[in-house]
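Asker: Protein chains in written order, with our numbering: chain A, 1 to 436; chain B, 1 to 290; chain C, 1 to 259; chain D, 1 to 374.
It is worth saying that the hints were derived from the structure and are not from the lab.
These figures come from a predicted structure and were not determined experimentally.
From the three backbone atoms N, C-alpha and C, an ideal C-beta is built for every residue, glycine too.
Wrong hints could be hidden among the right ones.
Partial pick of chain D residues on the chain A-facing surface, computed with a CB cut under 8 Å [as the list claims (entries may be wrong)]:
1. Gly135
2. Trp147
3. Tyr263
4. Trp265
5. Ala277
6. Ser290
7. Pro294
8. Thr297
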Amino acid sequence: MSAKYKTESLKCWDKSKEIRLDYYKNYAKAHEKGGLRWAGGAWSFDAIPSGLGDDVYPLTGEPYAASVAWNKDLALRCHEAVEKAGYARDLCSYMRNYWGSIILNEYAFGGEFPMPDFIWQDHICCSHAKWYQVARDLEGGDVPYYAMDVSVGPYDELTENRLEYVVGQMHDGIEWLEKVTGRKYDDEKLIQAVHNHCRSESLWAETCALNKAVPAPLDEKTMYSLYVHGTLHKSSRIVADFYEELRDEVKDRVERGIAAIANERCRVMTDTQPPWAFLKVFRYLEKFGCVSIGSLYTFGLIGMWDIQEDGTWGPRKTPQELGIKIKDRDQALHVLAEWELKKPEWQHFYSPDHKSDMMLRIAKEWKLDGIMLHYNRGCEGLSLGIAENRLALKEAGFPVMIFEGNMGDEREFDEAQTITRIDAFMESLNFEKIKD
Amino acid sequence: MEKEYWRWPESKWTSSDIDWKDGDIISAGVDVGSVSSQAVVLIDGKLYSYSNFRTGSDSPESAQKVMDKAMEETGLSQDKIHYTVGTGYGRVNVPFAKRAITEIACHARGANFMYGPTVKTILDMGGQDCKAIHCDEKGKVTNFLMNDKCAAGTGRGMEVFADLLSVPIEDMGRLSFEVDEEPEPVSSTCVIFAKSEAVGLLRKGWAKEKVLAAYSSAMAHRVVELLERIKVEKDFAITGGIAKNEGVVKRIEAELKIKALEAKHDTQIAGALGGALFAKALIEKERGLR
Amino acid sequence: MNVVGIDCGAKYVKALVLEDDKIKAKSSVLSGFDQKAAAQEALDKVLEQASLKKEDIAYITATGAGKEEAVFAQGTITEVGANAKAVNILFPSVRTVIDVGAEEGRSIKINEKGKVVDFAINEKCAAGAGTFTETMARALEVKLEEMGALSLKSQKSVPMNAQCAVFAESEVVSLIHAKHAKQDIVRAVHDAIADRIASMTRKIGIEKDVALVGGVARNIGFVDSLKRDLKQELFIPEEPEYSCALGAAFAAAEKAKGG
Amino acid sequence: MMEKFKEWYEQRHAYAKEWKKKTGGKVVGYFCTYVPEEILYAADVLPVRILGSHEPQDVTEPHIFGMFCPFCRDCLAQGLQGRYDYLDGVMIAQSCLHIRQAYTSWKMHIPVDFSYYLPMPNNVQSKRALPYLTGELETFKEAVEKWTGKKISDEDLNKGIEAMNTSRQLTRDLYELRKQDNPPLTGLEAMYAVVASQMVDKRDYNAALQEILQKLPQRQIENGSKVRLMILGSENDDTEFVDMVESLGAMLVVDDHCTGSRYFWNQVNTNGNLLEAIASRYVERVPCPSKDWPERTRIEHILKLAKDWNVQGAIVIQQKFCDPHEIDIPSIIESLKSNGVPAQFLELDVTVPVGQFKTRVEAFLEMLSEEDLF
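With these hints in hand, go ahead and build the complete structure from the sequences.
Answerer: Here is the structure:
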């Protein structure tokens, strides 16, 4: 059957790959150029350590652990090393991949596991701060460690008391950074980093909004390799500029009607991190002409959204766009905290209906035929309330399918059963495999 | 009647060169496990007779049956046995036992007798649970670790698998090596995942032997994880039913890079044997000999 | 018009011939490890029984985990779709179909036309419902066919972990050694499986009427436990293990009529 | 002597309904012991802790994914089965993600008049936690006042603090008795007392315990050569399990559970602003593992309990899938062992396979015993 739409590979694809590999190389080689390494979560405020200098390189735990998960052999050895050290096998699989990498002293990008100079972590999921408590023990027990609690309730109930708790910890964090690194803190670099942070997250949201188009210019499997930059170093200029270039290219694809999937006829979204070792599950969907246009995960883990004038969901305006001129450290921290506390994937920690509302909005505005929820045993944070999300989506009349798995521990993913469930789901949506 | 592949051969043995009538202390141990039960009789601490039968659904009955089998045709009778210790899951309802001691202590003591004082790490792979035990040169337990819930059912899993493949359980070990190269193990998360994955491989056209190799290495893998958490100190010995499955044993040894001591007796009697040795010590205490 | 439905299941391949919506012949063959051969054998046997030749058959639809192995079939349908079709025709008032096989449990919500509205398949940890009864029958030294009747003799309900068959099995071992009566343990086993199946069915909502299909439906003890748990009457076809094959045959008939 | 607590434990629902009839007051069910009960007592509202029933259930799968702990699902099941239909409100103070879902699904599917999510700080080791929590307690107090239509005065707050502090002191006195070589109460009886205190009016509990503490020191119970053990880890109100452990020749003399000693360990020091005094009690108390970072303060506390109560070993239990405890347990066991306290790990579920656990506990006791049979 001849293709329904024209497809084209992404021009910025190679650049995206290069940025990511440089990121991991820079971290490993940081000390060679007198630079500093810090380790922490992808949701840490990475803008703040930027005030220590341009030679300060982060390694964010979650995307690093996902890279371990892609390498099945290394992932399995990591799980076993962690279980041998006495840790339970049902713990967060990212955390276990990370710890395993330290115990084995193997860096997923070659060579030994580089030791951080300090740990700069956030805490919203109840394993977050504990993740790096154990990492510090495994790294000898004396790496300086600072963690910030951002679990102050949903954005629509934010009060001054709650915002000041977060900003207070940020101020203390900067004094702590100066003490443990011995470096003088540069507020100008912080202000620049805050602008990059907001730009990156707003541009990524704008790119995802472009996926409302039929046919969808991007499929979720590709988006996983693009949104990752936001989880690596969203407050860096390189990432902000890359997202601008990406937004322009995707806008152009929409104008020329370029599709991600040649014979797209069924549009779905997923949820939570995918089983990283089995992304070919998405290729199987293509046999039915089915494309996943994304998820609250790919849209809202680092994208920042707002209701636009026409009432639909779109990118949140950055401080720059709103003409806000950040003058000093305190204002920079307030802007950053207030901006980040609106993160979509931080709202469901307080009640599932925050997330259900956003998922329903995506289902309607991105014109979906069904939803495929990945019941992800590897992450309790993003699987929090997923059963209630399912009920809400079904209540609103959307067909919903579940497949069980684990983002970082492929021992808990049953490919055969997942394929059977996809067959049954497509069948119930009256889509048959396209005879090629 | 459809052949029951899972039914492993029961056994009994009596020494030909010992006469219990010359014995001063006659002690016995009865191990009522989740899948199998054993009885052992010692004459002055020397192995006189043992039996190894399937555990029924009534543990007092199973205990009595296996004790009777150990005494069959020897002229011995219950009242002539000075002290009996019960062990295993059903230890509390061995009607004729004077004391109940756990199978962990008994397996350590039994292994010490069977393999000698150099054994320091014992792996007991029973029907329901796996135990990794450290003991001193006298066979006293110094540390032990048991499988977590998800890793239970190794022994039972083997029976279910024999049935699935229609392969007699006692041939599984040998057959699992009739492959040209060792396949990837199936999931070792739990017995049920392993089985459903194995069924998938069969359906993909894998030969029985290859699937057996993948399943056996998964079972071995699970147990090695337990052993490595307690750290294997030499010498190392394996007791319990699965010790007879070379498919699992050899793969454990390969992964640990440590050879298990050669079994001198039926590895399944270690628990009952330990119980009988404790019984001897207890009767000696009662008689003030200790 | 004659059509064939063939269900390539985990343990057995079951085929049946439908002549104008009436079952004309049935066959069941052990799947073994060569599913292709088993599927072919089941087809030959059912044709022979119906004294028909392959050319007399208007359409063949295959279902079951091994449906790709029935190379002679013109179409395929998943077990979910097949069960929905079969039950919709056998019991038009049914809206919730529960299928308990050897390895998997499925609950399917259908509308009045038999279209699948929602479905749930057992959680990973709750797998192996069918084989669990077999393992427990062996542990309790009870013949599989007698498990059902024995369970009905018990009045007591012994609570047992309902999340996973391995946990439940370890508790059965304890119950045996705590000298509970055999029928009470057998009932506890059936209650545990019924608990898991009911728990899964609640995910799609229990909407009257409810049908039970799949091999385990032959176990009257399990059926009683499930009725008690769901507080619902259960519509059960005479040959529940053939419901998948029957649904595939109905699908074949539709395709043959140009559906 | 101690039957009263067992009765309250087993008749928790009957007690609460009786209390409502007798006082005409409101009852709020709460999850997690970071809830500031002082403020509810100040508003004459009875706080009762929602716990599970240790029975298999099949009603929560549509609401909570099976990867979360069996305990939080057991708690939600109580609500879905209508056993708490008398509750006027439900509330939670933020701690781990698991129990949080028992609250959020309860609020969505079981009609209640009042519900409140208190975003309790997790960074209790930061100096920013105290002012933040003081602010949150102010907001919470206003919400309770709005709901009950009654202002809460300082005098009311003192009444609430007094009720809580008295029960904490009395329960500490009860635990002190367990330091003796021959404690006058079993570990099971202590569990019944502490868990019952979380489900009845503190004034009733205080009166009953005051009276018992007069007679208890004279009580003689046959402990013989029982092994003195400590028990710690995930939430534990499983009386059947504790009874089984003590039937095998062990004596549980002290614990570190949120259902046990962590619930009553610290007092409110009433100086200065009362809300700040309450806030500092909850910030400085022995923490739940999900709040015990960047340093692990609990280990020092556990080792001190082991020394002061002179234990010969520790049973470390972990509820299946309970992440915060799973992350801490390896280092706790490591510290116990390197301080001469042997530890036995057990994985708990809602229902307990007695056979397997007996083997593990008995073998542990055999290992500790000096009996020479070699």
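Asker: Next, verify each hint and record whether it holds.
Answerer: Status of each hint after checking the structure:
Because the closest C-beta pair between D:Gly135 and chain A is about 3 Å apart, less than 8 Å, the hint holds. Against a cut-off of 8 Å between C-beta atoms, the interface hint on D:Trp147 is violated, since the closest Cβ of chain A lies about 17 Å away. Checking D:Tyr263 against chain A by beta carbon gives a least distance of about 19 Å; that is not within 8 Å, so the hint is violated. Hint status for D:Trp265 relative to chain A: violated, with the closest Cβ pair at about 21 Å, above 8 Å.
Because the closest C-beta pair between D:Ala277 and chain A is about 18 Å apart, greater than 8 Å, the hint is violated. Contact between D:Ser290 and chain A, as hinted, is supported at the beta carbon level, the nearest pair being about 4 Å apart and thus within 8 Å. Given the 8 Å rule on beta carbons, the hint for D:Pro294 holds: about 5 Å separates it from the nearest Cβ of chain A. With its C-beta approaching chain A no nearer than about 12 Å, D:Thr297 sits outside the 8 Å limit, and its interface hint is violated.
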